[in-house]
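Number of protein chains: 2
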Amino acid sequence: MRDFFDPDGIMVIGASSNPEKIGYVVLESLKNSYMGRICPINPKGGEILGLKVYESIEDAPQCDMAVIVLPASKVPDAVERFGRHGGKAAVVISGGFKELGGKGAEYEDEMVRKAREYGVRIIGPNCIGVLDTTTGVDTFFQPRYAMLRPEKGSVSVVTQSGAVGIIALESLAKSGVGIDKFISYGNKADVNEIDALRYLMDDDATKVIGMYIEGLDRGREFLDVLRDVSKKKPVVVIKAGMTAHGARAAKSHTGSLASDGRVFIGALRQHGAIVADDLENFLDLLNFLSLQKLPEGGRTIMVTNGAGPCVLTADWIGRSPVVRLGHLSYETRKRIEERLPDFVNVDNPVDLTGSATPEWYDKALDEIEKDESIDVIIAALTLQDEGLSGSWEELLNILPGRKKPLLALASGGAFTEKVSLELQKAGIPVIPFPRRVVATIEKAVEYRRWLEKQSI
Amino acid sequence: MRDFFDPDGIMVIGASSNPEKIGYVVLESLKNSYMGRICPINPKGGEILGLKVYESIEDAPQCDMAVIVLPASKVPDAVERFGRHGGKAAVVISGGFKELGGKGAEYEDEMVRKAREYGVRIIGPNCIGVLDTTTGVDTFFQPRYAMLRPEKGSVSVVTQSGAVGIIALESLAKSGVGIDKFISYGNKADVNEIDALRYLMDDDATKVIGMYIEGLDRGREFLDVLRDVSKKKPVVVIKAGMTAHGARAAKSHTGSLASDGRVFIGALRQHGAIVADDLENFLDLLNFLSLQKLPEGGRTIMVTNGAGPCVLTADWIGRSPVVRLGHLSYETRKRIEERLPDFVNVDNPVDLTGSATPEWYDKALDEIEKDESIDVIIAALTLQDEGLSGSWEELLNILPGRKKPLLALASGGAFTEKVSLELQKAGIPVIPFPRRVVATIEKAVEYRRWLEKQSI
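Each protein sequence line maps, in turn, to chains A and B.
Note that our numbering gives residue 235 to position 210 of the first sequence, counting from 1, and the numbers run on in steps of one.
Note that our numbering gives residue 442 to position 417 of the second sequence, counting from 1, and the numbers run on in steps of one.
Treat the hints as calculated values from the structure; they're not laboratory data.
All copies of an identical chain are treated as equivalent in the list; a pair is satisfied when it fits inside any one copy or across any two copies.
Below, a list of computed lysine to any residue pairs in the SDA-like style, where the Cα atoms sit at most 25 Å apart:
(1) K395 <-> L319
(2) K113 <-> I219
(3) K388 <-> P366
(4) K128 <-> L365
Only chain A is shown next, with the shape it has when bound in the complex (with noise of 0.2 Å):
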């Protein structure tokens, strides 16, 4: 698996000098971030993006790692030459295999049949590949100003759905959290959801890893790796194809046969999973871990300078088998009356009202951080406000470093997306809406349980 992350040279089978074409994309992808030998195949030879191109595989000097690009027809015979010439990973971004069913499947079952005889890994087919920050290996066929990549950052995503793939890392980029590494294995045709998570689960840059799952096909041996996986990092796994609907779709799409929903959760809950609800879930569980630690439990704080927001969050909370309206005890109410203002109104939310400067949230923390019968602290920020807008640059000394876990609640426009990110680089989680917020906390105090269960 390490050659798909940090291989010594990379060819591009089936490189084009068509900027429109995914051979052109693929191999100006490589260029940008790579810093090895990129190697691209083209029997017209030549010269593309400054880079010799080399008629043959053979032509060209030993690379660890391939992305092929040719129709399906033409991968077998390529993947054979490439193992030949000593190359060990091969990402397979075509599609046109097994998902279309026959000639397609006839290619794909070939394919593999190679790669087993030539010592060749395959990422793929039908995928969009392989990410790595600290590498620089890029195999996207999305150009750059269309797609943004990521910082680099703790984060692994593994992905059966590129677009679900790429919505996420876009999404996670956009916000602010930082990736590790990016895989997208399409029809896995031979690296699968459990090589991926194996090798993750010793990553030690990896610390959070998010899966996007449509079907398993050695569901037993999943979840055993993933039990051991989840004893040392969190995997956060949004399932699709849960109804029969979805998974209808999913067959079609990646020819996964999707198992019985609510029975599969339960047992990826079993082994440590945490499922997320939706999408908007899944991504806002990679922002909080991978920033901040496991609340202890469900007891939870808000405050605020503007309390609908958060009362639409109480409602929430009050749904929450897990999460609840925490009470802060009599001294701590004591202590933050006495050093605010008298129409500060010290409940929950302890609401400092619009006049807020980050000054008051600084005071409430010192207070609330200290008190016992609290596990989590939501800090709901209407950013748009004068008193917070002012000295917004305050805040980025005020929130992070807390006793207890801590995100922030904050939904706007442009300036308030600014403040965000530079909240998110300074390691407090900003999440846009109140229905999300309680499920972050929430499916985090559950794995927080699940941990614990272990340990016993």
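Given the coordinates of chain A, work out where chain B should sit on it, guided by the hints.
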């Protein structure tokens, strides 16, 4: 009520020359957009932002409207003097009234007495006031750099919470949804949600109404008005204080006593309200209803260039009691297959694959919109893929103007947001996540069914 939106002259009572004070920011907001006469009032006189400051209300020329930003104790007197001087409508931004109890409640009662005596209508206190994108009335104390103002459109928003109003307004502005009027009524000492609804019912510029409600005092009357309005235009409601937790938070926020959640929601629905599931759903519904007609039913078809997001969408459809996976007729399938490459999978979703260009969507939609077994279309767009990113402008001609309601599912970074904004301008609502797309369709269909029952 009209004097709040189209007044002849506006006083800012409590104007300040200190840019950190609300009395400055409100003046700045007005000056930036209101074309009529603006009269700052401050005993110090002088000039602020190039405007002559009057030392007293009596010194200033008569104005229909006032924005009052004085401490609570001084507001009753200001209302009296404003009324004596010919004033008709006052927005009281200041807090420190009923929401604090004690003295504050007394000030509020006195203010109302004076208002009734001198014929002044009041919005607030403890609110952010009014925005009208036609006349430029803008009483917000959120500076423009920190808060986007929306463009002119057909959605009007009525909100008890200023902070939720800000989130709604900025989120809508950011996604290109235009606003007509906005009313934040806070403690609703005088003007309440019933007055606002009645006014917007006959306001031709308002096509869709969004309301955030914490508590209602005159529930029966509200429901009667709601039914009348809902027959003319959609009213999307987000109700906070639904659970015991939320209700408690609401009480300490605006002093409103929230009614029992489920019973109340049932009554709202019976009277035609579209009750949003959450804040995202609230925003998405305002977006969708302002741009597209109501679906005749829930039979939904997805057209996509990346199947994963559609598998997740199909799951949400599977969970919905209203939305269903539509089945294309045999003839439609055949015609789409004839017009598109072999590897396109014509099922639900119609999977055009990652090679799809806008032209392929055009061909598929041409056939789908004629199919009587389909009520609504989801165009799922992985805009990051070269096939779309390279010629996205064509989508602006291809997606709008279809015979059936259509919404786009697209999610990503800066490029996707840019394209989404253009799609919105062209009349296509873009919703970023699968759950939200399905929830939008669900509520729109339910409203259509309610409307049908009314005409029997």
